[in-house]
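Those protein sequence lines, which keep their order, are chains A and B.
Each position in the first sequence, counted from 1, maps to that position plus 332 in the working numbering.
Each position in the second sequence, counted from 1, maps to that position plus 332 in the working numbering.
There could be a bad hint or two in this list.
Identical chains blur together in the list; that is why a pair holds if it fits in one copy or across any two.
[Unchecked claim] As a list, the in silico DSSO-like pairs of lysine-lysine whose alpha-carbon atoms are at most 30 Å apart:
1) K492 x K565
2) K557 x K431
3) K557 x K582
4) K456 x K565
Bear in mind the hints are in silico, worked out from the structure with no lab data behind them.
Just so you know, these numbers come straight off a predicted model, no measurement behind them.
There are 2 protein chains.
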Amino acid sequence: MNRICELFNIEYPVIQGGMVWCSGWRLATEVSNCGGLGLIGAGSMYPETLESHIRKAKEATEKPFGVNVPLLYPDTERIMEIIERLQVPVVFTSAGSPKKWTGWLKDRGIKVVHVVSSAVFAEKSEAAGVDAIVAEGFEAGGHNGREETTTLALIPAVRKATSLPLLAAGGVASGQAMLAAMILGAEGVQIGSRFAISEESSAHPEFKKLITQSGEGQTQLVLKKLAPVRLVKNAFYDLVVEAENRGVDKDELLTILGRGRAKKGIFEGDLHNGELEIGQVSASIDEVLPVKTIMRNLIAEYRIAQKAASEDSRFNF
Amino acid sequence: MNRICELFNIEYPVIQGGMVWCSGWRLATEVSNCGGLGLIGAGSMYPETLESHIRKAKEATEKPFGVNVPLLYPDTERIMEIIERLQVPVVFTSAGSPKKWTGWLKDRGIKVVHVVSSAVFAEKSEAAGVDAIVAEGFEAGGHNGREETTTLALIPAVRKATSLPLLAAGGVASGQAMLAAMILGAEGVQIGSRFAISEESSAHPEFKKLITQSGEGQTQLVLKKLAPVRLVKNAFYDLVVEAENRGVDKDELLTILGRGRAKKGIFEGDLHNGELEIGQVSASIDEVLPVKTIMRNLIAEYRIAQKAASEDSRFNF
Numbered sequence: 333m334n335r336i337c338e339l340f341n342i343e344y345p346v347i348q349g350g351m352v353w354c355s356g357w358r359l360a361t362e363v364s365n366c367g368g369l370g371l372i373g374a375g376s377m378y379p380e381t382l383e384s385h386i387r388k389a390k391e392a393t394e395k396p397f398g399v400n401v402p403l404l405y406p407d408t409e410r411i412m413e414i415i416e417r418l419q420v421p422v423v424f425t426s427a428g429s430p431k432k433w434t435g436w437l438k439d440r441g442i443k444v445v446h447v448v449s450s451a452v453f454a455e456k457s458e459a460a461g462v463d464a465i466v467a468e469g470f471e472a473g474g475h476n477g478r479e480e481t482t483t484l485a486l487i488p489a490v491r492k493a494t495s496l497p498l499l500a501a502g503g504v505a506s507g508q509a510m511l512a513a514m515i516l517g518a519e520g521v522q523i524g525s526r527f528a529i530s531e532e533s534s535a536h537p538e539f540k541k542l543i544t545q546s547g548e549g550q551t552q553l554v555l556k557k558l559a560p561v562r563l564v565k566n567a568f569y570d571l572v573v574e575a576e577n578r579g580v581d582k583d584e585l586l587t588i589l590g591r592g593r594a595k596k597g598i599f600e601g602d603l604h605n606g607e608l609e610i611g612q613v614s615a616s617i618d619e620v621l622p623v624k625t626i627m628r629n630l631i632a633e634y635r636i637a638q639k640a641a642s643e644d645s646r647f648n649f
Numbered sequence: 333m334n335r336i337c338e339l340f341n342i343e344y345p346v347i348q349g350g351m352v353w354c355s356g357w358r359l360a361t362e363v364s365n366c367g368g369l370g371l372i373g374a375g376s377m378y379p380e381t382l383e384s385h386i387r388k389a390k391e392a393t394e395k396p397f398g399v400n401v402p403l404l405y406p407d408t409e410r411i412m413e414i415i416e417r418l419q420v421p422v423v424f425t426s427a428g429s430p431k432k433w434t435g436w437l438k439d440r441g442i443k444v445v446h447v448v449s450s451a452v453f454a455e456k457s458e459a460a461g462v463d464a465i466v467a468e469g470f471e472a473g474g475h476n477g478r479e480e481t482t483t484l485a486l487i488p489a490v491r492k493a494t495s496l497p498l499l500a501a502g503g504v505a506s507g508q509a510m511l512a513a514m515i516l517g518a519e520g521v522q523i524g525s526r527f528a529i530s531e532e533s534s535a536h537p538e539f540k541k542l543i544t545q546s547g548e549g550q551t552q553l554v555l556k557k558l559a560p561v562r563l564v565k566n567a568f569y570d571l572v573v574e575a576e577n578r579g580v581d582k583d584e585l586l587t588i589l590g591r592g593r594a595k596k597g598i599f600e601g602d603l604h605n606g607e608l609e610i611g612q613v614s615a616s617i618d619e620v621l622p623v624k625t626i627m628r629n630l631i632a633e634y635r636i637a638q639k640a641a642s643e644d645s646r647f648n649f
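Using the sequences and the accompanying hints, generate a full structural model.
Laid out in structure tokens, this is it:
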């Protein structure tokens, strides 16, 4: 029995990360229809936009789906009201304290998962009463923990700190990586980058194309004086790094960052001036694929790797 | 058939990293006697010191062992002359171009392995004629690649770039992590931190004690304007970070770094002013253990994880 499959009533323990500007109803429902759990990313949506996405999702699938809610936005109360009213069954919270909303959501029969980047916050999440935990490593795209702990080091540490169902995130875009993460103690995975570069992702085609063409070393964690974020190296990135090397302060970094950079890059396709959030593992992604193919490949690779790990002579010494 | 076991004529595909101030003849030969491949770390030795360690190693084991040679030191020619004269069977080279010494060593019947942190350098190493490759991820201790690619993202990329026998390094201190790395495409592992904190390591007892007590987030990659290095957060680290936040240049960082900092910290036990090189996974190390126990645990954990991945219901959905 896999506790992630059981918790969410899904076929495969594969969660699609609720990514800003990528994860609308189309992506989320296709993942759910293919046997995983799709998440709508509320982080880039006005409350009324989110409401419309949830309504469309309910028409597009009878399978469970969820909403990812970064807790740092001022609209969180309105977003939670919509989630309650439309009876969304699952909420993933991130970028904030798990104490804030877990009880409120659980009282309403909603399953709650909190995203952490350390064992310490995994313990806090368990104490707050969450149903499961996502532990996200340094290699993940977008916002990221200050400890810079990689998935390989993080998952065993979180596994030791809590007995809750555990999802690994960061660096997972293949069935081999999924199995590896599960051997480290996870019971499933949350996948971002691979689904960001799917046909059903709402990211701009130029952004998707750039990622399929970019190789190793093309992302880096920057803006550590504000909140660390993993970005593709482009003209905006160069501007940030040049400023950071000069030792500028938070205020100057905020001015350079400005507003709406992620939208500009990921959604509008401004590859030079946009904030292009994607994970390290994007180096391995060289095709835009439909979710159906991504899911099929993932599970097939997983099963092949599982059989090899048991039977292949390479593993037996 | 495991190609790493075959290449080195060893029982388990476990290499002990040749770490400065930790990896003398005592550590290396105990690892070899326990069925792995021990490496003497030439990086912290004068040529005559290395010669003495190799001679002692030959008395302490009949099993194969090797020497790790960072190629950035001026004494490399004398070191290679000693290795040839004393007929060391295996050399791991790092921190330099694989073109420099691979041909020379191979001509003398010595097996050559090069340490890389990117797929691009793995390809260059294969072209230079090495016998195997170590791919070392961002979570590793000590000096580290500029791409900051984690082991989870790096191993599949290197596996795709070359068909050579491949060792994973960075973040591996358990049998679970070893199996995970092998599922990602490695045929064995190079382990640093866990052996640095063994009874047989020549590191100072105070350094070992500090590591057993430190937890997550206690190492960080710094000195990126010089050569990135992962260090324990101590007074010296604070000095570096404060300077980096001010945007100081290379020259000022070199002055802060001074000379002999790693020796001061790791070998002499000056925990405040020393450069304390260790990997992220050191957070999981809470005991100084003899090599024999470390190796036994590692292989036992590996076999349990291998069986679980095949049979445990968590993995079967």
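Structure-based check of each hint:
Taking the shortest Cα distances, K492 and K565 sit within 30 Å of each other only across copies (23 Å), while inside one copy they are farther apart (35 Å). In this assembly of identical chains, K557 and K431 lie within 30 Å of each other by CA distance solely inside one copy; the values are 25 Å within and 40 Å between copies. In the homo-oligomer, the alpha carbons of K557 and K582 lie at most 30 Å apart both inside one protomer (6 Å) and across protomers (21 Å), since each shortest distance falls under that limit. For the identical chains of this complex, K456 and K565 are inter-copy neighbours only, at 24 Å across copies versus 34 Å inside a copy, given an alpha-carbon limit of 30 Å.
Checked against the numbered hints above, the structure violates none of them.
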